[in-house]
Amino acid sequence: MADVFLDAKGLNCPLPILKAKKALKDVPTGGTLEVLATDAGAVADFGAFCRTTGNELAESSVEGGVYRFVIRRSA
Amino acid sequence: MALTNASGGNAKNMTIIVTKGSLDWAYPPFILATTAAAMGVDVTMFFTFYGLPLLLKKLDLQVTPMGNAAMKMPFMGMHMTMPNIVNMIPGVDAAATVMMKNLIKKKGVASIEELREAAVDSDVQLIGCQMTMDLFEYSSDDMIPGIKVGGAATYMEQALKSDINLFI
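Heads up: the protein sequence lines correspond to chains V and Y, in order.
Taking the working numbering, the leading residue of the first sequence gets 1, the next gets one more, and so forth.
Taking the working numbering, the leading residue of the second sequence gets 1, the next gets one more, and so forth.
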């Protein structure tokens, strides 16, 4: 169970990333943020976001057109 | 390696010169600015000429198919272009604007108002071009609060120490 959950389904670029960034503020260091999105560009974008910000993309999966990301806050 | 927080001294810097204020052209600068800020980049946007109205309190953005051969709107399963001569008919720009705004809403794309608010919230520095304000007769009272007003030198000072400088 993630510490914070963000439903970004139906939102398009760059809103899932902007909302994830905001939500990460409520995640304690070492804690996780779970994001659900339907934007196909989010797969590449969440990878890039995590590599650049130094957070860990612990999980990235897709099921029934819904993308699920788990970001572990390390920065 | 992670970048330090935007308020830290080691953050990367980006500037964007925003020169166009139509509904379609307003997107790239605001999307890049807000995303970069979310990724820990210190962002400065310099609004000049037709980009300046993007700082007005009340936005009224329009899009025109005039001279825009690449503007192909999805329409009944196809893509529709508009010959330039159609633009002679009053109301075509208004119709295209309504169509674009409906698409934006339907596809979950942020409005420019939302993106601008996100930019302000994430401490993106917004600079209005003083010369453009004089030229088109705008005052600081017409603009959203919190912006800085300056000229080319104000922009250059920031651009010289930035890692990325874009002109849109």
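Calculated from the structure, these hints are not laboratory results.
Careful, some of the hints might be misleading.
[Claimed, not checked] Calculated from the model, a selection of chain Y residues having no Cβ within reach of chain V, i.e. all distances over 12 Å:
#: 1; residue: A70
#: 2; residue: G91
#: 3; residue: A110
[What the hints assert, rightly or not] One side of the interface only, derived from the structure: several residues of chain V facing chain Y at Cβ under 8 Å:
#: 4; residue: F5
#: 5; residue: L11
#: 6; residue: C13
#: 7; residue: P14
#: 8; residue: L15
#: 9; residue: I17
#: 10; residue: L18
#: 11; residue: K21
#: 12; residue: A23
#: 13; residue: T29
#: 14; residue: S60
#: 15; residue: S61
Just so it is clear, the structure is predicted and the values come from calculations on it, not from any experiment.
For each residue, glycine too, the CB sits at the ideal point set by N, CA and C.
Structure-based check of all given hints:
no.: 1; hint: A70; verdict: 19 Å, holds
no.: 2; hint: G91; verdict: 28 Å, holds
no.: 3; hint: A110; verdict: 5 Å, violated
no.: 4; hint: F5; verdict: 19 Å, violated
no.: 5; hint: L11; verdict: 5 Å, holds
no.: 6; hint: C13; verdict: 7 Å, holds
no.: 7; hint: P14; verdict: 4 Å, holds
no.: 8; hint: L15; verdict: 5 Å, holds
no.: 9; hint: I17; verdict: 6 Å, holds
no.: 10; hint: L18; verdict: 5 Å, holds
no.: 11; hint: K21; verdict: 4 Å, holds
no.: 12; hint: A23; verdict: 11 Å, violated
no.: 13; hint: T29; verdict: 12 Å, violated
no.: 14; hint: S60; verdict: 18 Å, violated
no.: 15; hint: S61; verdict: 21 Å, violated
Comparing the model with each earlier hint shows violations of hints 3, 4, 12, 13, 14, 15; every other hint is respected.
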